[in-house]
Structure formats: C-alpha cells, structure tokens
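Q: What follows is each chain in one-letter form.
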Amino acid sequence: MTEIIIDLDAYTKPELSGYREPPIAAHVVRLRALVSQLLELGFTKFLSPPDPRILNILSQLRRRYPFEVVPLLVDAGRHSREMQTYGLIGFARRRLFAAGPVGGMRTSLEALPRVVSILRRDYVDGSLFLAALELTEFARFLPRRALLHPNSADLATANRNHRLFQGFASMLRKRGVAPGIMTNNAGWLVPLLDEWGLAMTVATPVTASGYHMKPTREACIVSARHSRCDFIAVLPARGRIEDADDLPASAVIASPADAVAGLTLLDSAAR
Amino acid sequence: MAPLKVCVIGMGKMGLSHASILSTMPEVELVGCVDPDPAAEKLARSVGARAPFFRSTALAFERKPAAAFLCVPSRANLSVARDCVARGAHVFVEKPLAHSLPAAREMLALEEGRPDLRFGVGFMGAHIGTFAKARELLAAGAVGRILRACCRVEYGLVFSHQEQWLFKKDAAGGGAAMSIGSHAIVQIHRLLGPVSAVESSVWFFTSGNEVEDSGVAQLRLTSGAEVELHYDWSAANRPQSMVSLEISGTAGTLRVSMAWLEVESAGQRTATHVSELPDPASVFLGVDGHYSADAEFVRRCLAGGTPAVSWADAYHVQQVIHAIYDSAQRKTQVALE
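Chains as they are written, first to last, in my numbering: chain A, 1 to 271; chain B, 1 to 337.
Simulated from the structure, these hints should not be mistaken for lab results.
In silico negatives: residues of chain A with every beta carbon more than 10 Å from chain B:
id	residue
1	S36
2	E40
3	R62
4	A92
5	A98
6	L109
7	V116
8	R144
9	R145
10	R175
11	P191
12	D194
13	L198
14	H226
15	D230
Using C-beta positions, here's what the derived DEER-type ranges look like:
id	chain 1	residue 1	chain 2	residue 2	range
16	A	P52	B	H161	21 to 27 Å
17	B	A109	A	V116	48 to 54 Å
18	B	P280	A	R64	44 to 50 Å
19	A	P52	B	G304	50 to 56 Å
20	B	R45	A	R175	23 to 29 Å
21	B	R45	A	P52	30 to 36 Å
Beta carbons are placed, not taken as given, at the ideal position from N, Cα and C, and that holds for glycine.
Using the sequences provided together with the hints, build the complete structure.
A: Structure representation (structure tokens):
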C-alpha cells in the first residue's frame with residue numbers, strides 16, 4: 001500500500017519559508033491558504049504537530065473537506081526549548097493546560113506509577129508522558145495512527161533506545177491508535193526495528209537526491225524492501241510562498257520528480 | 001585502521017548530542033563521557049548512552065582517548081583544553097572558542113604549540129550544503145567584486161529570565177552575539193573575508209539576564225566591503241537558529257540561508273534548496289551539518305589536515321565578538337588587532 005502524506009510540521013520551520021521569512025505557520029492566513037490548496041489538489045492526509053495554529057485551521061477546514069490528521073508526537077527539540085523558557089514546572093503546566101482538564105487529568109492519573117521517574121527526568125518515561133498528553137490534543141480528529149517526531153526518533157535511533165520505541169508503540173496501542181515513527185535515518189532504524197521485532201509504520205522523506213534518507217538513499221530502499229514495516233513517503237515539502245499577494249499560484253508543493261521517486265521506492269519495497 | 005578513541009567532556013545538551021553522533025561512527029570508539037553531575041549521567045543513560053561515565057577528565061583519560069570533544073561552559077574551555085592537550089589529545093571544542101579574547105588567545109597558542117594535534121570547533125554551518133556551495137560560487141566570482149552584505153541570525157530562544165550558565169556573563173562571556181552571532185560571523189569570515197573594524201549597539205530585552213538579547217553591528221572587511229550584522233535570540237516564530245546572508249557584488253546578488261541558495265546575475269535567477277545539494281553525512285541528528293562537523297574532525301584526527309573551521313578562524317570570530325562588545329560600550333568604531 002503506497003500513500004502520500006503532507007508534513008505540516010515542516011511548515012513550522014524556517015526551511016520552507018523563503019529567504020529570511022518567518023515560517024509559514026507564523027502567518028495563519030498563509031497557512032490556511034496553503035492547506036486549502038493542498039486539499040483542493042487532492043491531498044487528504046496530513047501529519048501535524050500539536051501546534052494550536054495548525055490544529056485550529058484543520059478543525060475549520062474539516063467541516064468542508066474529509067481528511068485524516070496523523071499526530072506527530074514529542075518533538076524533543078521543541079520541548080527542550082520550552083523547558084528552557086518556562087522551567088520544568090512552567091513547561092509541565094503549559095502541556096497539561098494544552099491537553100485540557102479531562103485529557104490532562106486522565107493522562108496524569110495513568111502516569112502515576114511512573115511519576116518519580118518522570119520527575120527525575122527519565123527521558124523515556126518523560127517522553128511517553130508527553131506523547132500521551134499531546135495525543136489528547138488531537139482527540140477532535142479521532143486519530144487512527146500517530147507518529148513519533150523525527151527529533152525524538154533520530155536521537156533514539158542513534159542511541160539504539162529500544163525502550164522508547166517499544167513504550168511508544170505500547171502506549172498508543174492501548175489507546176487504539178496504530179504507532180509509527182517518522183525518521184531521517186530510515187536505513188539505520190528499519191533494520192533495528194526488525195531486529196527488535198517491532199513492526200511499526202515508518203514515515204521517511206523520499207527524495208530523488210536522498211536528502212534526509214540516511215545513511216544513503218540506497219540503504220533506505222534496501223531496508224524498506226526487506227522489512228516487515230509499512231512505509232509512508234513524506235513529500236519533501238519545499239513549498240514556499242514567493243509573494244503573499246499571489247498565494248494560490250505561487251505555493252509550490254513539491255517537485256513532481258521527487259513525488260515520483262517516492263512512489264517508485266515504495267512500490268519497489270512493496271513488491 | 002584502529003578506531004579513534006574519543007571522550008566527550010560535559011554531558012549537557014550539546015555533549016549528549018555529540019556523544020550520540022559519535023556513537024554511530026564505526027571509526028570511533030567512545031571510551032568515556034565526563035560530567036561531575038550524576039543527574040547528567042542518569043539523563044544520558046535514559047536516552048540510551050552506553051559509554052562509561054566519569055566524574056573527572058583525569059579518570060576518563062585512564063581509557064587513553066586520542067581525542068576529546070569539549071562541551072563545557074565556555075569559561076572552562078581553556079582549562080579543559082589545556083589539560084587535554086597536555087595529555088596529548090586532539091581537541092574539538094563547542095563554539096565559541098572561549099568566553100573572552102585573552103582566553104581565546106591562549107587557546108590559539110595551545111594549538112600553535114602542538115602541530116602534531118588536530119583542533120576543531122563546532123561551527124557546523126560550514127558543513128551545510130548551501131553555505132559550502134555559496135563559498136564556491138563567491139570564490140569563482142559569481143557576483144563579481146563584493147560591495148556589501150547584510151547578515152541576520154535569529155532564534156526564538158530567550159523570552160524570560162534564565163538561570164543557566166549560557167546567560168551569565170561570567171560563564172558565557174556574552175549573550176546573543178557570543179551564542180548565535182558567532183555562527184553568523186564565522187560565515188561572514190568564510191564567505192567574505194576577515195573583518196577589520198566594527199561599530200555596534202547591543203540591546204537587552206529580558207529583565208534580569210546579564211547578557212544581551214540582540215544587537216546590530218556594522219562590520220568593515222579588509223576587502224573594503226561593508227556588512228550589516230543583525231542578531232537576535234528573542235525572535236518570535238523562530239524554532240531554529242537561522243543564519244542568512246544577502247551579498248551584493250558588482251555583477252549580481254547572492255542570498256544564502258541554511259535552506260536556500262539564490263543567485264541573481266546577468267538578469268537570471270537560480271534558486272537551489274539544500275535538499276538538492278550533496279550531503280555526505282551518514283546520520284542526521286537534529287540539524288544539517290552537525291554530523292558532518294564531527295565526522296570531518298574525526299577524519300582529520302585519523303588522516304591529518306586542518307578542519308574546515310580552524311581555531312585560527314574561531315579566534316578571528318572571537319576578535320569580532322570582542323570588538324562588538326567593546327564598540328557598544330564605548331559607542332565608537334573599534335579596529336581589530
């Protein structure tokens with residue numbers, strides 16, 4: 001099964017904006033126009049971080065279009081910055097507030113047996129608690145599956161942290177959500193998942209140049225061919241808005257060559 | 001070839017990141033991580049670090065590392081580097097080179113006294129495809145003689161009072177200019193050449209922090225070109241530190257950021273995304289260029305040669321930062337030594 005999913009998290013980062021522009025997600029009007037355009041082009045699956053700007057836009061557009069939202073959970077980089085800005089207590093308060101009273105309370109109660117470990121900053125227990133809290137922010141979209149953010153997944157892959165992947169999968173399955181991982185290191189991660197017997201969906205950038213397909217594009221293809229995991233090709237969303245006055249015409253979603261390369265890879269892997 | 005024995009000293013965020021990258025390299029044997037704080041070991045273990053931990057550098061050197069990655073507060077760089085060099089280890093130091101110009105000068109002297117050792121510094125921007133390509137194009141005269149440039153570095157990092165060492169003048173030596181401005185200055189140095197004079201202002205937005213949050217500096221290059229430098233670590237909607245330059249020459253304009261490279265020349269405009277450029281890194285962790293900077297240093301330790309950004313380059317960056325603070329304080333133009 002080959003499917004294409006648009007990574008909206010990328011639009012919160014400067015890579016997709018033009019020279020010296022703030023990220024597209026900083027401008028609600030631009031972001032709404034971009035997502036509408038993607039929907040009109042026929043894209044119906046979106047990876048989204050728990051960013052209230054994106055979630056509100058998706059909520060509004062859902063009344064007009066049917067589409068699936070796949071939560072992208074636990075951006076280790078973002079959490080590290082938030083902890084620095086607000087302190088551990090302030091950070092926890094913000095995350096609990098974002099999860100809402102019911103979700104926050106339920107998740108906290110479930111995490112009670114691990115509270116000491118979380119307060120002692122155990123990375124895995126802390127990440128799993130955050131993942132559960134963040135998942136509640138997506139409740140309105142009834143997610144069927146969710147992915148671990150590449151910032152967390154890549155760090156765990158480099159350190160062969162089996163415990164994080166296993167815990168993430170088990171936490172999601174308990175909630176009836178299929179687990180997956182988004183990675184820039186698919187050629188390293190997929191053999192590890194196979195070795196650990198973890199069959200999860202792997203979302204990987206697929207580009208003609210092999211950008212963020214580590215260690216190499218070829219290694220990613222070989223590991224995809226031989227793995228039991230399912231794959232999602234993440235379009236290398238290089239779209240950017242050249243001119244704010246000319247939104248629909250100028251937002252380029254991705255180069256056709258890259259999209260074709262992605263499909264070819266996944267078709268080959270499926271065979 | 002036997003793997004390079006490496007230790008990482010200082011297991012905060014950057015130490016953990018370097019240790020994670022180094023642990024993926026087959027040509028490296030991570031023989032130790034050093035941090036006096038037991039909590040750092042606990043966190044690193046929960047992330048998955050498997051290397052032995054030590055509370056002191058001396059203990060780690062019992063494992064005979066050939067190279068040390070220093071990720072300690074900037075103020076400690078000199079003493080730890082001196083210790084490592086005395087033990088005969090190659091040294092990679094997280095940027096900036098030191099917390100002050102005199103300390104940076106002593107570090108440069110350390111390097112000059114040991115031609116048998118390799119000295120690297122963590123300016124990973126030099127390894128990002130767009131900047132590497134921009135350097136090639138500028139050297140080939142893509143925009144003619146360079147007249148002026150505008151360089152910006154922005155990051156949404158500091159919005160409140162902070163307690164960590166990075167925000168203490170004594171430990172870090174400075175604020176946004178030292179932390180993120182140094183990434184921009186090293187690019188100016190590599191792309192456009194050395195700076196000869198500086199005139200600057202710095203601003204403090206965050207109450208209670210000892211170091212500046214943003215500033216602007218007019219840099220005069222030895223080539224005669226002028227560069228306007230803006231740096232700000234309290235920029236909203238900037239989840240990553242982003243360096244960008246717009247360089248105007250007699251024959252065109254080149255714009256480069258960590259994501260894009262654009263050249264306008266002879267009525268033509270070409271734009272290249274970083275994903276279209278070669279990236280030899282075999283692991284991606286957090287940000288482009290990070291793995292390549294570590295891998296290049298390891299390669300230099302094993303096979304010789306000078307890293308892309310040497311300590312002499314890093315010393316020049318330190319001179320510019322020193323001049324930025326000096327000029328802001330004296331409210332006058334300051335010439336570099």
